[in-house]
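Residue strings, one per chain:
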Amino acid sequence: MNKNMLVCTIVSVVMLAPLLAGQAPDKEELKLQLPKPMFIGTPTNIKSPNLEAITGKSRGPFMVPVGTKLLSLKRPVTSSDRQPVIGELEMVTDGEKEGGDGYFIELGPSKQWVQIDLGAPCELHAILAWHYHSQARVYRDVIVQVSDDKDFLKGVTTVFNNDHDNSSGLGVGKDKEYIEVAEGRLFDPKGAKGRYLRLYSNGNTANDLNHYVEVEVYGTPSK
Amino acid sequence: MNRFAFACLMGVALAIALAFRLAAPDLRPMHHDEANQAVKFGTLLETGEYQYDREDHHGPTLYYLTLPAAWARGQSTLASLDEQTLRVVPAVFGSALILLLPLLAGGLGRGAIAAGALLSALSPALTYYSRFYIQETLLVFFTIGFLIALGRYAQRPAMATACWAGVCAGLAYATKETSVIVVPAAAAAALVAHRFSRAPGGSAGVRVAHLAAGTAAALAVAFVFYSSFFRHPSGLLESVRAFSTYINRGVAAGSHIQPWDYYLRLLSFSSSGGLVWTEGLILALALVGVVVAVRRSSAGFWPTYVALYSVITAVAFSLVPYKTPWNLLPFYIGFVLLAGLGAAALVGSARSRVARGLAVAVLLAAAWHLGVQDWRANFRYQADPRNPYVYAQTSPDFPRLARRIADLAGVHPDRNRMLVKVMAGPYEQWPLPWYLRRMTRVGYWSRAAEAGRLDDVPVIIASQENADAVNAVVGDTHVSEFYGLRPDVLLTVYIDRTLWSHFLK
Chain A
0 MNKNMLVCTI VSVVMLAPLL AGQAPDKEEL KLQLPKPMFI GTPTNIKSPN LEAITGKSRG
60 PFMVPVGTKL LSLKRPVTSS DRQPVIGELE MVTDGEKEGG DGYFIELGPS KQWVQIDLGA
120 PCELHAILAW HYHSQARVYR DVIVQVSDDK DFLKGVTTVF NNDHDNSSGL GVGKDKEYIE
180 VAEGRLFDPK GAKGRYLRLY SNGNTANDLN HYVEVEVYGT PSK
Chain B
0 MNRFAFACLM GVALAIALAF RLAAPDLRPM HHDEANQAVK FGTLLETGEY QYDREDHHGP
60 TLYYLTLPAA WARGQSTLAS LDEQTLRVVP AVFGSALILL LPLLAGGLGR GAIAAGALLS
120 ALSPALTYYS RFYIQETLLV FFTIGFLIAL GRYAQRPAMA TACWAGVCAG LAYATKETSV
180 IVVPAAAAAA LVAHRFSRAP GGSAGVRVAH LAAGTAAALA VAFVFYSSFF RHPSGLLESV
240 RAFSTYINRG VAAGSHIQPW DYYLRLLSFS SSGGLVWTEG LILALALVGV VVAVRRSSAG
300 FWPTYVALYS VITAVAFSLV PYKTPWNLLP FYIGFVLLAG LGAAALVGSA RSRVARGLAV
360 AVLLAAAWHL GVQDWRANFR YQADPRNPYV YAQTSPDFPR LARRIADLAG VHPDRNRMLV
420 KVMAGPYEQW PLPWYLRRMT RVGYWSRAAE AGRLDDVPVI IASQENADAV NAVVGDTHVS
480 EFYGLRPDVL LTVYIDRTLW SHFLK
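Going line by line, the protein sequences match chains A and B. Residue 210 in numbering that gives the first Met the number 0 sits at position 211 of the first sequence, with consecutive numbering throughout. Residue 171 in numbering that gives the first Met the number 0 sits at position 172 of the second sequence, with consecutive numbering throughout.
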């Protein structure tokens, strides 16, 4: 390195240092409270190219914009099945995530959805969902959508869709299926905006019913 | 209770039984045992050929008695069969059981029989296995027929009654090998009950000619069925030789080994995944019925007889280490009759009309609760592992696999001749042969290495043990899906990518 280049570098660093020091980081790790696992180990015998790889390890940190908050706690929930056989719809956002009896709702067979009203349009940065984590099972046609329209007829953003054969009729999804575990499934909405969040499923590998232990939506109010 | 009220209540019980047993027969996916029986029956239907297999399968009555159902629906091949044709057979026998019960009214009382009929119509266990294409409901029907005939013979010996008992015993034996528990249990119960009761008109004992005629009737009926209507005369002998297999199976270690109180726990209380189940009402009333039977033992033959039969068979089945939930039916029907006796005794013990009305109202409310459970067990949680009567049941996810293959065949040039290769162990192959019965080119192998070339096969089905080997061979030429066969047992389906594209269009 010649002398001129060295001088330029030192001058640049000296000039930019105050700017860099004064700027706060724009991302932080999303802090989550996870329930204890209900089954030991992972079902390693389940292998399929259409199934997310089972690593047996925890998910690792997920970064979100600073100021991201839990928006869904105690927010009102509606569903395609208005009278679940087991549980109450409020349990989807009650903050209780344990896998045992008394912590989940059970919706009817075939395609069903739950919808959370966040109260106002928000910018979403993480969605965490637990369908049922006391048994290794895969829920079919998991589709997560965000919209400002409570009927999801317009302005719909699809965050996740693993309905690879379009059997639920909302379009072919490219995402893979996954096995339910205690740490839940984290969906990255990538800043999608909307007031309402809707999650679909279409039965599971153990039975044709649909379950939710908890759904958490993290984000910031829309600017 | 007068005859008219009794007839009305029996009619109501029969209507409830038929409604619960016949409605939506295809709602629950075929259990692998049902599928196995269905394919066996398909061979009989298509070729007229049946030969008793002493290593596997039970007696032949189920298959022969399914023939009229298939003929009535104009079905002549395995491919044309459906769940309705098969399951209507146990459903009809499970309902017809109620028609046998009035024959016990003289011994147990009309009130007891009416209550017992209503409880048997509403019992989740009796209903659930009456919707199952297995031998148990037929066995219960023939056993109750034998129980009634033997009891009547004990009361008033006659050649016709002895032959009736013999025919029922023969049919029970030609249905399932566990008849060797229930038939002697009924005989022992009749002997003891007769000795301890001093009922008027009691018999002086068994006459040799009657015994010979009854035995001959039983052997003749068993021979007709086991010999496949005289085609394979050694069939009856084979059924005797099968006992070494069943005795070994009954005591050998394996997944069906359960503790002695398995049946009692199953019926009394179970709680799983937010669902609670109990047939405690029947058990509690049956206990009252046993008390009534003991109290009346010196005066009445029938209460003692039914109580002894129920207890002896319950103890015998509980002592056999090999247990499957449907094996409880032969003794549980006795408990249901005792529960009817208990219910009638409770109502009868009320001193005023108001108290009697209250007792009836409480019992009806409890019966309603039983009915709600019956509906849940058969129409909501019919294949859910939380249902205590569900046992190694095929997952509701599995018929999706069958529909997928049918849909793929619909867009494949070969249609139902599309080649399907299955690579799975025997336990994971069933009930595929039933669900793929309309596909004419399906091959089964235990290991992928034995199945030959795979990359040009339109559809491959592999167990998880074979998935790695198949993945390595097909690479990117196939898309994959997986389906639940049973809890924690998945099958992977590989579909040729070109076929998949056609399908998505």
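Since the hints were made in silico from the structure, they are not lab data. Treat each hint with caution, since some may be false.
Derived DSBU-like pairs (lysine-lysine); straight-line CA-CA distance at most 30 Å [claimed, not checked]:
id, chain 1, residue 1, chain 2, residue 2
1, B, 504, A, 173
2, A, 192, A, 73
3, A, 110, B, 322
4, A, 153, B, 322
Please work out if residue 153 of chain A and residue 322 of chain B have their alpha carbons no farther apart than 30 Å.
-> Roughly 57 Å separates the two Cα atoms, so the pair is violated.
Restraint status (C-alpha distance of residue 110 of chain A to residue 322 of chain B at most 30 Å) | violated, 37 Å
If you draw a straight line from the CA of residue 504 of chain B to the CA of residue 173 of chain A, is it 30 Å or shorter?
-> holds, 16 Å
Measure nothing beyond the straight line between the CA atoms of residue 192 of chain A and residue 73 of chain A; if it is 30 Å or shorter, mark the hint as holding.
-> holds, 20 Å
Checked against the numbered hints above, the structure breaks hints 3 and 4 and satisfies the rest.
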